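Please work from the sequences and hints to get the whole structure.
If you want the building blocks of each chain, they are given just below.
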Amino acid sequence: MEKQNDAVKGRPIVRYHKIAKVFGDQQVLTDIDLDIFPGEKVALIGPSGSGKTTLGRLLVTLERPTSGTIEVNGELLWHKSVNGQLLPADEKHLRRVRGQIGLVFQQFNLFPHMSILQNVMEAPVHVLGMSKGEAKEQATAMLNKVGLGHKLESYPRQLSGGQQQRVAIARALVMRPKVMVFDEVTSALDPEMVGEVLAVLKEIAAEGNMTMLLITHEMAFAREVADRVIFMDGKIVEQGSPNDIFVNPQNPRTNAFLSRFRQA
Amino acid sequence: MQPPFDILPALLRGVWVTLELTFAAACLAFVISFVVGFGRMSKHLPLKILAAAYTEFFRGTSLLVQLFWVYFVLPLLHVNLTALQSGILILGLHFGAYGSEVVRSAMMAIAVGQTEAGIVLNMKRSQIRWRIILPQAFMIMIPTFGNNLIELLKATALVSLITLKDLMFQGTMIQNTTMRTTETFGLVLMIYFCLAYPLTLGVRWIERRITVGRA
Amino acid sequence: MWDWSFTIAILPELLKALKITLSATVVAYFLACVLGLLIAMVKRTTWKLVVYAVSGVVEFIRSTPILAQLYFVFYVFPKFGLTLTPFVAGVLTIGVHYSTYLSEVYRAGIDAVPVGQWEAASVLNFSRARIWLTIIIPQAIPPIVPVLGNYLIALLKETPLLSAITLVEVLETAKIIGDNSFRYLEPITLVGLIFLVLSYLLSLLVQQIHAKLS
Ligand SMILES: Nc1ncnc2c1ncn2[C@@H]1O[C@H](COP(=O)(O)OP(=O)(O)OP(=O)(O)O)[C@@H](O)[C@H]1O
Ligand SMILES: [Mg+2]
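Protein chains in written order, with my numbering: chain A, 1382 to 1645; chain B, 271 to 485; chain C, 12 to 225.
Derived from the structure by calculation, the hints contain no laboratory data. One or more hints might be untrue.
With a straight-line Cα cutoff of 27 angstroms, these simulated DSSO-like cross-link-like pairs (lysine-lysine) come out [stated by the list, open to error]:
(1) A:K1526 - A:K1513
(2) B:K394 - A:K1513
(3) A:K1517 - A:K1461
(4) A:K1473 - B:K435
(5) A:K1399 - A:K1559
(6) A:K1473 - B:K394
(7) B:K313 - A:K1461
(8) A:K1559 - A:K1526
(9) A:K1473 - B:K318
(10) C:K54 - B:K435
(11) A:K1461 - A:K1513
(12) A:K1461 - B:K394
(13) B:K394 - A:K1559
(14) A:K1517 - A:K1532
(15) A:K1583 - A:K1517
(16) B:K394 - B:K318
(17) A:K1513 - A:K1532
(18) A:K1526 - A:K1473
(19) A:K1461 - A:K1559
(20) A:K1517 - B:K313
Predicted, not measured: the structure shown is a model, and the values here were computed from it.
So, in C-alpha cells, the structure goes:
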C-alpha cells in the first residue's frame, strides 16, 4: 500500500510550532514541529508516557502549551495576535477555534445521566444552537452510521464498552469537526470489541475528507489506514509513510519499539 | 380523651409549628447550599473567600449561640424579628453552611473526564456545570441532604429556648402547668420519633434506589 | 456600641465557665467513643435478639432531639429514683446520643478491615476478645480518626444545650451576665467567638493526629 505524502497539499490545517510541554519538573514534549494537512490520516505511535495523549489534548485546549504555538486552519489557537504581539487568547477565542476539532477519549466519557440519543444531541442543540428536531435527525443518522440506531433510548451503562465507544465517536462526529483526534480509542476495550470500533474508524477514514490524528497501539490498523506514521518519544523521533516506518525504520529506537509488536 | 392522651391536642399544635419551621428552614438552607457551594468553587477569589468564611463561621459557632445572638443581640441593634423569623433564618443559614459543603464535595466527586468531554464538545463552562456536572452530582447529594433534613428537624427543638411555640416548647409548658412530667416528655419523644423516623426510612429507600440505578 | 472594658471585665468569668463546657465535652466524648465501639461490636454478634434490641434503641435515639432527651433524663429519671446532677445528666445524654453516631463510624472502619484478617486470626486460634483487641481495632481505628475528630467538634458545639437543664456552662454564663447588665452583645458574641476558636484549634489537632497516624 503506497500512499504518498505529496498527495496532500496546500495549507496545513493543524500546525504545531516549537511546542514544549512541562508538567512540574518533567518535560513531556520538546520542540514539536508538526504540520497536518486537510484530509490527512496521521498515526501517532510511541511508548507509554511518550506524550502522545498530551499532544492530542493540546489541540482541544485540555492542556496549555508551556511554549510554542498551535495553529488551526491558519488561526492561532492559544494566542491572539494584537498589533503584532501575541497575547493569551480569551475563552471566546478558544471556543471558536476549538470548534473545528473533535476528540474521542480512551475512556469514552459518555454522560451517564443521558440516553444515547441525548448524549449525541446535547452539543448540537446547546453549542451549535440547532433545533431539537434537526439535532435528533442528525444524531440518529450518526448513530445509525456507527451501528447503534437501535439503542437510542438506552443509557451508557446498559451498553458494552465497544458500543459506548461507538456512541462517543458519533457524539464527536455530529459536531462536524474538520479534525478528529482519536486517543487510543480501543485500549480500554475487551479484545473482542476492538474490531467493531476499528471498523467504524476505517469507514470514517475511507470517506476521505476527515483529517484524523490517530493515537494508537494497533500497528496493523495504523499501517492500513494512515497516510503518515509518526514515532515519538517526547519529541518526534521519526516519521514517514507506513512502509518507511514499519518496514524500514531508520532510527534504532523506532526499530526497538516496533520489534516488540512484531514478536507479539 | 383519657390520660395521657388528653395533652395530645396541645402538643399537636406545637407539631404544626415544628413542621412549618422545618419546611421553611429547609427551603432556605437548600438555596443557600447551592449559592454558597457554587461560591466556594468560583474562580473569583473574593467570592471564594467570602463563601468559605460564611461556611466556617456558621459551622464553627454553636447553633444555640447563633439563636441566642439573634434573639438577644439583634433587638439591641434595632433589628426586630419574630421568634419564627429568627428560627427560620438561623436554622436556614446554619444548615445552608453544611449543605454548601455537600454541594461542593458532590460536584468535585464527578470525574474530570465529564468536564473534559464537555470542553471537547465546545460547551460553555456554565453549560458544563449545569447540564453535565450538577445532574450527576445531585444524585450524590440527595442522601446527604436527606440526612441533613433529619438533623434539621431535630435541631428545631432548640427554638423552644427562644420562646417559639414548637413541639418542644409545648411539652415544657404542659409539664410546667400539669407536672405530668413522665407522660409529657415521653409523648414528646415519641412524636419526634414519628416525625423523624419516616424520613430516615425514606432516605434509606432513596439511597438503595440510587445505588441500584448506578450498578 | 461595643464596650471593650466591659468585654475585658467579663472575659475571666466566661473562661471560668468554659472549664465546665470543656469537661462536659471531654467526658461525653469519652463515653460516646467507648459506647459507640461497644454498639458496633454487639451489632456484629450473632445474638439476633440483642442485635435487634440494640438497633431499635439506637434508631430511636438517633431520631429524637438531644434537647428532648435531656429533659427526659433530667426530669423523668428522678421519678424512678434516679436523680442526676445537671452535669451528669448532660454528659450522659449527649454521650449516649453521639455514641449512636460513632457506632456507624466504627462500623465503616471495621468493615474496611479485610476479611482475611479475621480468618488469619481464627487460624491462629486467638480468642474472640484477643482478635478484637489486637487485630481488628488497631486496624479499624486509624483510617476513621478524621471522622471521629469531626464528631468531637460537633459534640463540643452541642454543649450549650446543657444550659436548658440548668447547667451553668459558658453560654448560660453569658446569658446571666446579660440578664444582670442588660448588655447581651459582648457576652454572647464572645461565646460565639470562643466556639469558633475552639472548633478551629480542634480541627488542627485532628489533622495533626491524622497526619501522625498515616
Ligand atoms: N496532568 C498531568 N500532570 C502531570 N503529569 C502528567 C499529566 N498528564 C500527563 N503527565 C505525564 O506526562 C507524560 C506523558 O503522558 P501522556 O499521557 O501524554 O503519554 P502517552 O504517550 O499518551 O502514554 P500512554 O501510551 O500510556 O497513553 C507521562 O509521564 C505522564 O505521567
Ligand atoms: Mg495516552
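Between K1559 (chain A) and K1526 (chain A), does the CA-CA distance stay at or below 27 angstroms?
18 angstroms, holds
Going straight from one Cα to the other, do K313 (chain B) and K1461 (chain A) come out at no more than 27 angstroms?
23 angstroms, holds
CA of K1517 (chain A) to CA of K1461 (chain A), is that 27 angstroms or under?
36 angstroms, violated
With a cut-off of 27 angstroms on the C-alpha distance, tell me whether K1513 (chain A) and K1532 (chain A) pass.
19 angstroms, holds
Holds or violated: K1461 (chain A) and K1513 (chain A), Cα atoms, limit 27 angstroms.
Measuring from Cα to Cα gives roughly 34 angstroms; hence the hint is violated.
Between the alpha carbons of K1461 (chain A) and K1559 (chain A), is the straight-line distance 27 angstroms or under?
21 angstroms, holds
Agreement of K1526 (chain A) and K1513 (chain A) with the hint, judged by alpha carbon distance not exceeding 27 angstroms:
Distance ~20 angstroms between K1526 (chain A) and K1513 (chain A) Cα, so the pair holds.
Does K54 (chain C) pair with K435 (chain B) here, judged by a C-alpha cut-off of 27 angstroms?
39 angstroms, violated
Holds or violated: K1473 (chain A) and K394 (chain B), Cα atoms, limit 27 angstroms.
Satisfied, since the Cα-Cα distance of roughly 9 angstroms is no more than 27 angstroms.
Is the hinted pair K394 (chain B) and K318 (chain B) satisfied, with a Cα-Cα distance of at most 27 angstroms?
21 angstroms, holds
Need the status of pair K394 (chain B), K1513 (chain A): alpha-carbon distance at most 27 angstroms?
The given pair, whose Cα atoms are some 19 angstroms apart, holds under the 27 angstroms limit.
With the threshold set at 27 angstroms, check whether the alpha-carbon distance from K394 (chain B) to K1559 (chain A) stays at or below it.
Roughly 20 angstroms separates the two Cα atoms, so the pair holds.
Checked against the numbered hints listed earlier, the structure breaks hints 3, 4, 10, 11, 18 and 20; every other hint is satisfied.
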